[in-house]
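Student: Given next are the chains, with one letter for each unit.
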Amino acid sequence: MRGVLALVLWLLLAGPAFAISDPAEALPDPAQEARAVAIGQQLRCLVCQNESIEDSGADLARDLRRIVRQQVAAGRSNREVIAWLVARYGNFVRLRPPFETGTLLLWGSPVLALAAGGGAVLLARRNRPAPPPPLSAAERDRLRQLLDRT
Amino acid sequence: MIPELGHFTLALGVAFGFAQAFLPLWGAARGDARLMQAAPALALGQFLALGTSFFCLAWSSAVSDFSVLNVAENSNSLEPLIYKITGSWGNHEGSILFWCLILSLCGAAVAAFGGNLPSSLRARVIGVLGAAGVGFALFALLESDPFLRLWPPPVDGRDLNPLLQDPGLAMHPPILYTGYVGFAVPFAFAVAALLEGRIDAAWGRWVRPWTLAAWCFLTGGIALGSWWAYYELGWGGFWFWDPVENASLLPWLTGTALLHSALVVEKREALKVWTVLLAICTFSLSLSGTFLVRSGILNSVHAFANDPARGVFILVLLGLVVGGSLLLFGLRAPVLAASGIFAPVSREGALVLNNILLCSIAAVVLTGTTYPLFADLLLGEKLSVGAPFFNATVFPLAMPLFAAMAVGPMLSWKRADLGAALMKLWWAALVAAVAGVVMATRAALLPALAFAAAAWLILGALADLIERVRLFRIPLGASARRLMGLSRGSLGTTIAHAGLGVTIAGIAAMSLAHAAIVLLHPGETAKLGGYDWQLVNVHDADGPNYAARVATIRISRDGRLVTVLAPERRSFPVQQITTTEAKISTNGLRDLYAVLGEERDGGAVLRLHVNPLAPWIWFGALIMAVGGMVSLADRRLRVGAPARRAAVAAA
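First to last, the sequence lines map onto chains Z and U. The first sequence: position 61 = 61 (the numbering used here), numbered continuously. The second sequence: position 213 = 213 (the numbering used here), numbered continuously.
If you are wondering where the hints come from, they were derived from the structure by calculation, not from laboratory data. The model shown is predicted, which means the values in this text are computed figures rather than measured ones. Heads up, a few of these hints could be off.
[Said to hold, decoys possible] To spell it out: a stretch of chain U is covered by chain Z in this simulated footprint if at least three of its residues, at any positions, have a beta carbon under 8 angstroms from a beta carbon of chain Z; those stretches are:
(1) 164-178
(2) 208-218
(3) 237-243
[Stated by the list, open to error] Computed spacing ranges between beta-carbons, pair by pair:
(4) U:LEU326 / Z:LEU60: 40 to 48 angstroms
(5) Z:ARG149 / U:ARG473: 28 to 36 angstroms
(6) Z:LEU60 / U:ARG149: 36 to 44 angstroms
(7) U:ALA480 / Z:PRO134: 42 to 50 angstroms
(8) Z:ALA31 / U:PRO400: 29 to 37 angstroms
[Unchecked claim] Residues on chain U that point at chain Z, a partial pick, calculated with CB under 8 angstroms:
(9) PHE22
(10) PHE313
(11) VAL316
(12) ILE356
(13) ALA363
(14) THR367
(15) GLY368
(16) LEU373
(17) ALA375
(18) LEU377
(19) VAL518
(20) LEU622
(21) VAL626
Note that beta-carbon positions come from the ideal geometry of N, C-alpha and C, so glycine has one too.
This is chain Z alone, in the form it adopts within the complex (with noise of 0.2 angstroms):
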């Protein structure tokens, strides 16, 4: 048992997806490295493509990391620590883009599409085509012969 518990990190995570190269980079606090990972994965690794902070290799991703669990060990919400970085690299940095008036169409996309597809409905609806009329008395008789004859 020489030495096992001493270099062994605990990572109970939401997501799968980290790329720590480092274990001396995580917090000691599990709680805390939780939130760290949870806040990391909504940042975008900037010189990188679509990849968050967490998942990506790259040195300024590294570095961000460490900014990001520096300011959550100094006991800053996550709320803060994001603001922090948006203040500073722009909301390029967040991967889930903020709610405001320019991004108004991207969230509301699944409302619009979902809108669309209905009144799509509803406008075929209204102009479908009219049901045949009902079957006449002598169309029933002559129905009805023809099923007796089978």
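Once you have looked at the hints, place chain U on chain Z.
Tutor: Below, chain U alone, put in the same frame as chain Z:
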């Protein structure tokens, strides 16, 4: 000599393409039988020409002819032969030629198997396929010629990107491209129907096997890509909502919708206009996905400026194909008379709901993927739209889809009894609720809901099957006979729906994954997820074109050896890239996953994962594709339908 032959046959392919685009369509418009009869031969000719051309490229790459620029830039003499060959479609120029080859294959397939189509429809379908492809073949010839010579030839090539030197990714592009491009056939049928001005049940029956085949390939291709990301990129993640991934997901979503709405056209002659629009949209999304992603415009507007000639050419082509077909739709769609009346609660109604939800998801993914581009261009604002956005917006749209998926197949056409259908599913709902509650005690709310949805889908498919064979209500032998007699179409539906459930279960269970990064010295042990991971040693091992360090990790549980993993870190000297080869041991219910990181202080940094149910993600996709193929084998699609041998082509 061989590259010149390739260049010549590429030019020949373009010539065939122009002939294929004009003569059959002109013939069909004038009612000239001789011109219409030329269509199959032209399609076959284009396929043979482009096939020869691509063979020449692969040959040049296989024999390492570094006097060809494309080969010198993307291959290396030390590379294993398989990667020299697969590298020929792994680069920009080669992939565009390959794309054109697959499209010409579609034309040749319609020519070969379309013998019992009406001759004017067949001529138009082949003509539209030619028209859609000829511009891109011309692009390959003029703007992205893969056969350019290089003089003097370098001593050795610059090698294929090491990440692409992998058996899974070697097979990924052909399968994915066949899926992408396969949707050109329903597109061509849709445009041909607009030109003809009529659509009937027979049209739906002709279109469906082609759609199904393309859908099977696309499902397989996406799954293979995601599996590759899982084991090769070494993060243990499988889907990143990357623009490239979204570009393949979009046609899959609308293609799935198309598959279902074509069913309504075939069975009930309703939703005709909508189905035509979906076919056009699906191929347009495939097309723009392939080429816009390749152009890099989604990552940065400036990628376009690096090579404006290529960018403008592609944009004009896309505009012509997408805009032209949509314009034709706008002009001609009102001609297509609707018939087939149905009540809101009916099989048709359920399929309409499926279409609305699938297309809404597609709209959200499309908006999210392109929004940063438009925000930059129109608002001058730099934004990122990543996984947190997509997870938050797609999930609420997907849940009702899953809920309806189990019920839909139980409803009858025209008018159905929802209550009766739900009564048959009560036990599935009960088990799903229990599964969700159990999961909620261990994970967050969303994964728990997804897990419940997975159970609901799998059991719902089972309930549908039990209902169809009347299990336990008639003698077992009679049930078995009913099972054998079930139409392959409905069996395929059941299998594919259950397959999606398996995939969702795998994705939901990823939230229970354990992971850790540890620094271990040889002989030391880490504990993770109930397993003991002991680093035995780290040693050198050299491959054909790389040097590697290999860690030996013994994994045991309660003192009993489970498996030994040997993750590698490979350095490729030519491209100066280091890749990690993750090693995975699976028993079907969980993956043990190990990645070797840096070495320092006599120890090695290891990243270890325990991923429960992870293999189900891709296993489920495989089940879905198998369901599609079972459906393709349906007698009704073969008898009297042109795609007699489409099932063989898909197998």
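Student: Could you run down the list of hints and mark each one as holding or not?
Tutor: We went through each hint and held it up to the structure:
Three residues within the 8 angstroms Cβ limit are the bar, and the region 164-178 of chain U against chain Z gives 0, so the coverage statement is violated. Three residues within the 8 angstroms Cβ limit are the bar, and the region 208-218 of chain U against chain Z gives 0, so the coverage statement is violated. For the region 237-243 of chain U, the proposed coverage by chain Z is satisfied: 5 residues have a C-beta within less than 8 angstroms of a C-beta in that chain, meeting the threshold of three. For LEU326 of chain U paired with LEU60 of chain Z, a C-beta distance near 42 angstroms keeps the hint of 40 to 48 angstroms intact.
As the Cβ distance of ARG149 of chain Z to ARG473 of chain U is approximately 33 angstroms, the hint placing it in 28 to 36 angstroms holds. Take LEU60 of chain Z and ARG149 of chain U: their Cβ atoms lie about 40 angstroms apart, and the range 36 to 44 angstroms holds. Restraint check, ALA480 of chain U to PRO134 of chain Z: a C-beta distance of roughly 44 angstroms satisfies the suggested window 42 to 50 angstroms. In this structure the hint that ALA31 of chain Z and PRO400 of chain U lie 29 to 37 angstroms apart at CB holds, the actual value being about 35 angstroms.
Among the interface hints, the one on PHE22 of chain U is violated; its C-beta lies about 36 angstroms from the nearest C-beta in chain Z, farther than the 8 angstroms criterion. Here the hint on PHE313 of chain U is broken, as its CB sits about 24 angstroms from the closest CB of chain Z, past 8 angstroms. For the restraint placing VAL316 of chain U at the interface with chain Z, the shortest Cβ-Cβ distance is roughly 26 angstroms, beyond the 8 angstroms limit, so the hint is violated. Checking ILE356 of chain U against chain Z: minimum C-beta separation of about 4 angstroms stays under 8 angstroms; hint holds.
Given hint, ALA363 of chain U at the interface with chain Z, holds; its Cβ is 4 angstroms from that chain's nearest Cβ, closer than 8 angstroms. For THR367 of chain U, the interface hint holds, the least distance from its beta-carbon to any beta-carbon of chain Z being 4 angstroms, beneath 8 angstroms. Here the hint on GLY368 of chain U is kept, as its CB sits about 7 angstroms from the closest CB of chain Z, short of 8 angstroms. Hint status for LEU373 of chain U relative to chain Z: violated, with the closest Cβ pair at about 12 angstroms, above 8 angstroms.
Restraint check, ALA375 of chain U versus chain Z: the minimum CB separation of about 6 angstroms is within 8 angstroms; hint holds. Because the beta carbon of LEU377 of chain U sits about 13 angstroms from the nearest beta carbon in chain Z, more than 8 angstroms, this interface hint is broken. Checking VAL518 of chain U against chain Z: minimum C-beta separation of about 6 angstroms stays under 8 angstroms; hint holds. With a cut of 8 angstroms, the hint placing LEU622 of chain U at the interface with chain Z is violated, because the nearest CB-to-CB distance is about 21 angstroms.
Because the smallest distance between the Cβ of VAL626 of chain U and any Cβ of chain Z comes to about 27 angstroms, over 8 angstroms, the interface hint for this residue is violated.
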